[in-house]
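Please model the complete structure; the sequences and the hints are all you need to start from.
This is what each chain is made of:
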Amino acid sequence: MNRRWDELIAEVTGQAPAAPADVPDAAAPDAGGADGPDRAADVSAGCAPHAGTTSVTCGAVAAGPGAACSPGLVAASAAPGSPRRPAGTAGPGGHLTPAEAEAVLARLATHLVPLPTAADTEALIDRLRPLLPQPAPRRFRDFGLSREPVALLLRAQLQHFRPAWWLASLAFVLLGLLAGPSLAARGLSPAVLAPPLVIGGVLYGFRSLRGAALEIELSCPVTPAQVALGRMLVPLLYYLVLGAVAILPVPGLAGALSGAVLPGQALVAGSTQGAVPAPTGVFPEPAYAQLFLGWTAALLLFAGLMLTLTLYVGTATAAGLATVLWGLLCALHTVRLSPFALPAGPRWTPVQLALLALGLLLLATGLYRRRLFHWPPGREA
Amino acid sequence: MRLTFKDVTASYNGRPVLAGVSLSLGPGLWLFTGPNGCGKSTLLRCAAGILRPRSGRVRLLPRDAREEIDAWDDPTAYRWHLGYAPQELLDLPETTAGRYLAYLAALKGVRPACRPERVAAVMAQVSLPDGEVPAFSTGQRRRLALAAALLNDPDLLILDEPTQGLDPDELVRLRLLLVELAADRIVLVATHLPEALSGCADGHYTITAEGVNRVGDPA
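As you go down the protein sequences, you meet chains A and B in turn. The first sequence maps to residues -16 to 364 in my numbering. The second sequence maps to residues 78 to 296 in my numbering.
Everything labelled a hint here was simulated from the structure, so no lab data went into it. Using N, Cα and C, we set each Cβ at its ideal position, and we do this for glycine too. Just so you know, nobody snuck in bad clues.
A short, non-exhaustive set of chain B residues, derived as facing chain A with CB atoms under 7 Å: (1) A125; (2) I127; (3) T153; (4) L159; (5) P163; (6) R176; (7) Y180; (8) K185; (9) C191.
Just the calculated beta-carbon pair ranges, DEER-fashion: (10) P93/B x A337/A: 43 to 53 Å; (11) P211/B x A162/A: 33 to 43 Å; (12) T306/A x C277/B: 45 to 55 Å; (13) E194/B x P116/A: 27 to 37 Å; (14) P211/B x F126/A: 27 to 37 Å; (15) L344/A x P93/B: 36 to 46 Å; (16) S132/B x V224/A: 44 to 54 Å; (17) A272/A x D150/B: 48 to 58 Å; (18) P211/B x P118/A: 38 to 48 Å.
Encoded structure:
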C-alpha cells in the first residue's frame, strides 16, 4: 500500500516514483504491511478512489471516512512548513509523521466540497439531456391508425347522402304509391317503381366517384369493391325500409289513418279483386308479403345489375343499360310477361323468388370475396 | 425508408412515355419536371398504384419496416403508407371540406376517436378553411387534396402539380410544409414550376423522351 501512496504522489507531481529499498513492495505476495494490524492508523493506507466521485477519500482516523481530497492537494500539502521530501518518499518506513498528516488533513479540510445531492444530480442530467441524441418524434400514424373491419367503413358512406336525397326518395315512394290504384288498375305492382329508384340512388351515391376524387379513393387502403358495396348498400337498405313501410300493414299506422286506404291496401285489394277496391279493411296477409317480395326482388335485381355493371363499365353506362332493361321489362307487361305484374297465378311467386336469387347472384358476383378483399389487376399504363 | 422503381415501363394514351425507369429514393423532397406529356403524372400514378406499369416494379420500404412492399403484389399494405394528391382538381358536389376529409379519414383507417382532431390538424397544416367545396377556389381545392393526402401521415407522399393555382403566399407556405414533411418521409412532387421548390429539394429529375435524368443537386 505504501507503493500505492508513492504512485499517487508521483502521479500528481509528474515525477517517477522512487523505489527505496526500505519500502516493502505492496505488490509482492509476501508484503503484509498494507493489511497489517496498524492499517487504521496508517494515513497512507486508507487512500483509495471513492466510488462515484473523482476525488480520493482518505480513510485516516483523523479525517474520518467522509473526508475527501484531491491528489494534487495531497502533493501540494505534503510538507507544509517543513523541508519538502523528494517525491515518492514518505517518512520513515514510508509513513507521514503525525504532524505531517495533521497538516495535510487541515489543508484538505479547507478544500472539502459537499457531495452532490440527488437534486443536484437530477439538475445536471436535465441540463445534459438536450445534448444527447433525441428519439424521433412520435408520428400520428404510430397511434392514430387502425385496420377497421369493412363494416365500420360502410358507415362513413352515409355522409355522401344528404338530407335532400333521403327526402326526395321518400317523396318518390309516396307519390308512386299514391298512384298505386292506377298502377293496380293496369295490373302493375309497386315493384315497377323499384328499378328507377335503385338506378337513381346508385347514380347519386356514385356521383362523386370520378376524376380526382376517384383517384384519391383509389389510393386509400380500401378496395374499390368495398367502396362500391358501401355506397350501394345505403340506398338499397333505405328503399327496402321504405317499401316495407309503404306496402306492409304497420301496426298502429292503420289505426291512426282509420278510414283511409293506404296505397298498399289498395294494391293488395287490386291484386285480390282485380280492380280498384272500395275500402274493406281486411286483406289477406299473403298478398302483402307477395307485394313486398316483388318489391325486394326488383330492388335486388337492379342493385346487383348496377353494381356488377358499374365495376366493369362505369356508373353512367351501367345506369343506361339498367334503364334500358327496365323499359324492356315494362314493355313485356303488354304480353303479360313482366315481373312487375301484380301477384296472380301459381307461377308468380316462383318467378319473383328466381329474380330475387338472380339479384343476389349478381351482387355476389360483383362482391365476391376475391374482389371485395383484393385489388383488381388495375388499369395498365 | 426507400422507394424503388425498377425497370418501370409505362404508356400514356398508348404512347410509351416511361421506358425502363429505375430509381431509388430515400426520405426527402424529390422533384420531377419535364414538358407536357413527358410522363410525370404517369410516373407518379405508377408510384401511387393508380396505374399499373406495363413492366417493372414499384416497391416501398416503409419506416421501421424490414421488407419492401410491392405496389401491386400487396396493394392494400402499400396504400397504408401512401398519400396521393392528383393533378386534377377536386370536384365534389355538395359537401364541406371537413365532411369530405372525415370520410377519407375513415377510408384511410384513422381511428374514429382521432378523426375530428386529425381532420382539424391537417386543415390547419395546409391553412384550409372549412366550407362548401363547390365554392372553393382552385388554390383551396389544391390544399384540400393535399390535406386529404396527409390524413394518414404517410411515409410516401405523392403530389402531382401541387403548386398550380396557389398564390405567392400559399406557395411559400407549401414550400415550408414540404420541407418539414420531407424530413422523415419520401415526398415526390411533379411540377411545372421547379423554381418554386428546387431550392429546398433533395433531388431534381427531368423526364424526357430519353429517360429520367437527375439534373444535379439543387440544394
